[in-house]
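Asker: Assemble the whole structure, with the sequences as input and the hints as a guide.
Same order as they appear, the protein sequences are chains A and B. For the first sequence, position 226 matches number 226 in the numbering used here, and the numbering has no gaps at all. Add 617 to the 1-based position in the second sequence for the numbering used here, that's all there is to it.
These aren't lab readings, by the way, just hints derived from the structure by calculation. As the structure is a prediction and not an experimental result, all values here were calculated from the model. All the given hints hold, so there is nothing to weed out.
Pairs of lysine-lysine, DSSO-like flavour, derived with a Cα cap of 30 Å:
1) A:K401 <-> B:K1040
2) A:K401 <-> B:K756
3) B:K756 <-> B:K726
If you only want the chain B side, here are some residues facing chain A, beta carbon under 8 Å, derived:
4) F973
5) C977
6) S981
7) V984
8) L985
9) V988
10) L989
11) A996
12) G997
13) S998
Only some residues are given here: those of chain A computed to face chain B with a beta carbon under 8 Å:
14) Q248
15) F361
16) F362
17) W396
18) L500
19) L504
20) G507
21) C508
22) I512
We put the CB at the ideal spot given by N, CA and C, even for glycine.
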Amino acid sequence: MGLLSDPNRRQVLTNLLTRMNTPLCFMCYIAGVSWFMGLAFEPFILQTYTSENAMGSTMVDENFVYGDRALSYAREFSAHGKKAGEMPVEWLVKTMSGLGLETHTQTFSRTLPFPDEMRERYMVKGTNVYGILRASRAASTESIVLSTPVGIRQNSQAAGLLLALASYFRVSVPGQIHWAKDIVFLFNEHDMIGMEAWLEAYHDVNVTDINSSVMEGRAGAIQAAVTIEISSDVITSFDISIEGLNGQLPNLDLVNLFASFCQKNGVLCTIQGKLPRLDGETLDGYIHSLHTMLLMVLKQGSGKSQGDHGLFLRYHIEAVTIRGINSFHQYKFDMVTVGKVFEGVVRKLNNLLEKLHQSYFFYLLPSLSRFVSIGYYMPAFGFLILILLLRALDLWIRLSKVEPACAQDCAAENVRPSFLSIMTPIFICHVMGLALYYVPLLCQGTATEHFPISETEAVVLTSIAIYVAGLALPHSTQSASLPAEQAVQGWMTLKLIAILYLALLLGCITLINFSLGFILAVTLIPAAALAQPEPHRMLNALFLILMSPGTTLLMCIYLYHELAEYPVTLLECWQLLLQAVAESILDHHLYGCIVYPIIVFFIYPSWLLLWNVVFWN
Amino acid sequence: MAASLLLVLVVAVTVRAVLFRSSLVDFISERVEVVSPLNSWKRVVEGLALLDLGVSPYSGNVFHETPLILYLFHFLIDYAEFVFMAMDVITAVALYIVADDFNKVVFRKQRIAFEFQKYAPDVITLVRTPKEMYHIPLKVALFYLLNPFAVLTCVAKSTCAINNAIIAIFVLATAKGSAFLSAVFLALAAYQSLYPVALFAPALLYLAQKHCVFVSLRSTTFLLHLLKYAVMFLGCLMVVICLSFFLLNSWSFIPSTYGFILSVPDLTPNIGLFWYFFAEMFEHFRLFFVCVFQINVFFYTLPLSVKLRDHPMFFMFVQLAIIAIFKSYPTVGDVALYMAFLPMWNHLYRFLRNIFVVTCMLISSSVLFPVLWHLWIYAGSANSNFYYAITLAFNVGQILLVSDYFYAYIRREYHLIEGLNLKSQDGKEAHVVLK
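Answerer: What follows is the structure, encoded as structure tokens:
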């Protein structure tokens, strides 16, 4: 407490803070960004390892031989699917019952708030089919889910593989006596909507207003889930997709488990579609890992679930999506090898004594063999948030220095900005946020009547219009110009509140979804630190617009396509932006993704506050 | 003034009524920050159900409220929402009158000090004016009624709101100088949650000041005053406890309430310091550490009553804050009660040193509580250490707040006597350093 109570040392500290503020902030920003960039450099970070005892020490041998059966199931599946014009429910039920599984169906329906143009769906009706393989040696208290999202054209090979696995696990009596957990084979229609319906019915909750029939049969508590997507007879590699809803990640052990079985069977395994490289210490290797990590940050930051597995995570179930990739690579793997990998994974999961909890939940993956844990990446964010705190302290010191000048309560009330003049912009900015959330959906009908556009376009364009209209606020909220002294005090007070508010928001967001918080921090914090009416008001305003959440989204989309080696032009980028806005609204209403409400309720208003600071009269 | 008080009351009641009707009410009444095992409404309802079934409500390990509350809601269960809103209104009005009364006392004291020329000549800026004091009572009521912590407590129907009302009436009775009523309500407050026993000292000092009794352990008038107050307090306490016994015809409520408070068997996370320690601790050290933790509430009473002998109202505030920080099952309702006193010490603002840091700490940790709870319990990705870190930050913030106010109060008193512009021996401007 010596530092806080000794006035001399306090004086030194405050002097240092005010005098060195700008260089300190600048250094913090550089330190934060370079710390983050350094995270992808392999020698700095840890190698992945399996922490879970039950999976580390036990060996399993895989004898899956039903590769041909998987392919013939797949052909039958797609033939019946084409005939029926939809998912062949009856055939699936018949086949699975024939294999001796306890088979059930579940129907669901959901009307979207507005049509999803990308996937061409509006009023969705579908059926999930699932079969339960009861464990012979245990009460049905625990289970593992293997699922695949099926349609007419996609994933028929995955469906065939699932059926072949089911028959293998069930039929070959001498080798398959070890099942201690029920295994659920799930075929869900309409990908994530079907999965959400199934999960909600399974846990008997209703969080997203979906209508689904009652679940007839259940296995035990789900310990882990693997979603498989394969659409070709042979594959060249697997791609693991981990980012779930709201940026939640599965336990790192599940990822390690899959990677180690790929290694055992000699199958190539990638993450973010990037092949592993061995030259992590060289510059090329570093840039490669940086690209991989940035792709993960962008995907996680979007809050979208990158596969059906993302919905499991909300229920404390560790899950990943595995995609079979068939590229022009020379070495192909047939269904026997693929089946062996999944057999091994399921056998190991079957050995679990408790839920996966030993390893990390907060991590970034620059490659499959290296990981960055929360303790390594948080300092990067800490440096950035420090800028806001330094600026806030500086403003506070400057604000409290003015007061002694007229302490004799003479002009104190004249200089201090009134409570109302500060509260009005705060209130109006938040009302703007509310409008941005509610108006587009309420007005879609009216908009489509008066303009030649579709419902989806109406929602997106109204959102963008309201977003831009927010920029006109400062001129309407402050009409009377104030005396100079009071104006300075006014904007300083408002800025103090705005940056503290922003710091608090970014802190909370980072805890929930690091990537989103970091992307927002990198862009918003310099803009917030520099926002002030003079000098160079226009320059500041321009910078603020460049760093606004909307522009950040545009930049992220551009960066994503650059990194994924699929460059887009600016016009395509704009189209993708419209699509992304529509999707994030849909994700919020369909699955309860919180990124969209966080942005419109909190981040956008706090950005508008900064805009108000710049245009303070 | 009365009109604006009425306006504030109407606004506060409207806010609460709206929240009672909203879908948030279930969410709020489950929050561990707002309700503790002692005062959660769910448990009161459970206790009532047991009572109706003819089972002793204390037979299980669910109900820990006192029998009087049980019988109160036995008759008022249908009007529970009104009762809780009324409790908040009572608290606010009582504190309003207290602040009003205290203003007059302060002003009179100041005039006397001036007449006897006790103050240094250059302290005119430190002197309190009626203009600046005029709005204090309203601010006190506002601080309680619109404090989000108090609103949450009321909406969650935490019985902490009732305890707050009793303590507020006790402070009012003390401020008005009625020794008997003060003792009655102190006994009720102690009966309700045990810890308010520590308020005995400030109340005694305030009453002594009010009745112009010179505070000294050697003076017989003071000892007589002490004896009288103690006898009244203990007598009332006996009466309510015996009444509880006759209501239930068993003593089982004593271990279920006071035993529960003192031995801390329920380690549900809350905003206090106990749960994490006792969850981690080896069982055979438990008794020792329970004593160490519990003694904190009462430990500071004696030194404070020596130091703040002439300022019992400030003492009352500090003691309330200490109870809120160190009690075994604290909730945000306790915090709201002592925060309502803050406007009374507005004049200390220029001596506060860390108010900016402390405010930021308190606000950010209150927001982080639900976020980390979500990560721990629902997302499953964080763990109890994250949540406890925020608990620690919140409590350190509270302790800094109280010690900052304490320091500022002492320093103002020092300047009043010694003068504002101190010179050291070599004629330079001097600094006051707290070490």
